[in-house]
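Please arrange chain S on chain Y, whose structure you already have, making use of the hints.
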Amino acid sequence: MEGEVVLLDFWPSMFGMRTRIALAEKQIKYEYREEDLRNKSALLLQMNPVHKKIPVLIHNGKPICESLIQVQYIDEVWNDRAPLLPPNPYQRATARFWADFVDKKIYDLGAKVWRTKGEEQEAAKKEFIECLKLLEGQLGDNPYFGGKDFGFVDVALVPFYCWFYTYEKFGSFSIEAECPKLIAWAKRCMQKESVAKSLADQEKIYDFVLQLKKALGIE
Amino acid sequence: MNSSQLPGIPYEYVEEDVYNNKSPLLLKYNPVHKKIPVLLHDGKPIAESLLIVEYIDETWKLNPILPHDPYEKAMARFWANFIDNKCWPAILKANRSPQNEREKSMEEACECLKTLETALHGNKFFGGDTIGLADIAANFIAFWLSIVQEANGLELLSAEKFPHLFKWSDELVNCSVVNETLPPRDKLLAVFKARFAAATEAQ
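Residue numbers (the numbering used here), protein chains in the order written: chain Y, 1 to 219; chain S, 1 to 203.
Hints listed in this document are in silico derivations from the structure and should not be mistaken for laboratory results.
Since this is a predicted model, take the numbers as computed values, not measurements.
Hints may contain errors.
[As the list claims (entries may be wrong)] Covered stretches of chain Y (in silico footprint by chain S; criterion: 3 or more residues with CB under 8 Å from a CB of chain S, positions within the stretch not fixed): (1) 36–46; (2) 95–105; (3) 162–168.
[What the hints assert, rightly or not] The calculated lysine to aspartate or glutamate pairs, modelled on EDC-like cross-linking and capped at a C-alpha distance of 16 Å, are: (4) S:Lys35 with Y:Asp100; (5) Y:Lys62 with S:Glu72; (6) Y:Lys133 with Y:Glu176; (7) S:Lys73 with Y:Glu76.
Built from N, CA and C at the ideal position, the CB exists for glycine as well.
Okay, chain Y solo, but in the shape it has when bound:
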């Protein structure tokens, strides 16, 4: 079942972190290869010619692209341990819906928070918090989005937690003040080895974004 597993990734990527978490949850041994996004490897361009993006999961030489597709693939191939999606089709559809919601909203809004200023930033912050509150509502009183177990939506969202510090510093706001339940959930996830090992250090992310802003000429 195992075969050869390679992950082409970039350390600050929340999308790459999703796949790292899934691989760790299933205790799959794999080779991690760091990509320099300013100088993409021939392998990356060969394995993801359509988007030319990380993460790319390569299993027995065959590429799987797009993080949520990778997580589902991992769940389906290594289906004998730590299930990430529930067995019931309606619950699966609900999990996919909320993971899709994270994809549609959180990344772009978060990027606007650190990239922009003034009115545009304020609008992004407002919508960002609204989306997090919707997610908090979905969590309810459960320990995880997967219910009593860590699951697909948890994997989809928790990588953003290491980026919250950066959003807060650039946006001058506190996510915990607005969404305490969500932060409690994130800290609970961080107790899991698979999550703690896969997320990047929040201060390193902040430094990375500082450098990135300079390089992009954004104040």
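Okay, now just chain S, sitting in the frame of chain Y:
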């Protein structure tokens, strides 16, 4: 187009007035996005068309839409995702662009169609011999785009430029299951012609 036609599942169709007057039912069952389509099964809502298709596929086992093999399934999801997130916005933009932006937006849309042409690998459908997830996702290219092209005179998809994709679009639209669920072509053509005429006047 409704994929629930494929396994032959009876269902009740409820038309929504999405531009002017969304029903309380729609707002109740899709409070997050407030969009159609929403599938209600035993009173429980599922939103987002591709998720609805996967739900249908997992609930009714006759005539599978997604392949069984995990790798093939991942590829089907990848192409459906590409079609939804890249092709649809690019093609929509190309058809709505004002004159001065048209060349660039047409080029971007053509790049998408070129990628799909290659992705077909000369097969009848993206799903191989039978319709799959990516075919369902791309139905707007087979049906909607040809009507829009006739209405606005911009030719994105043609037999000369994309022979495999052109043939695929013909096969898809004429496939009986698909054919039965599509809205009447001439009615849509009239709506689009009127819209383009109004937009050109406004420009």
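Verification of the hints:
Restraint check on the region 36–46 of chain Y versus chain S: 0 residues with Cβ-Cβ distances below 8 Å, three needed, restraint violated. For the region 95–105 of chain Y, the assignment as covered by chain S holds, since 4 residues bring a beta-carbon within under 8 Å of that chain's beta-carbons and 3 suffice. With 0 residues having a beta carbon nearer than 8 Å to a beta carbon of chain S, the region 162–168 of chain Y misses the requirement of three or more and the stated coverage is violated. For the suggested pair lysine 35 of chain S and aspartate 100 of chain Y, the alpha carbons sit about 15 Å apart, so the restraint of at most 16 Å is met.
In summary, the hint linking lysine 62 of chain Y to glutamate 72 of chain S is supported, as the alpha carbons are separated by about 11 Å, within the 16 Å threshold. Taking the CA atoms of lysine 133 of chain Y and glutamate 176 of chain Y, the gap is near 11 Å; set against the 16 Å cutoff, the hint holds. At most 16 Å may separate the alpha-carbon atoms for a hinted pair to count; lysine 73 of chain S and glutamate 76 of chain Y meet this at roughly 10 Å.
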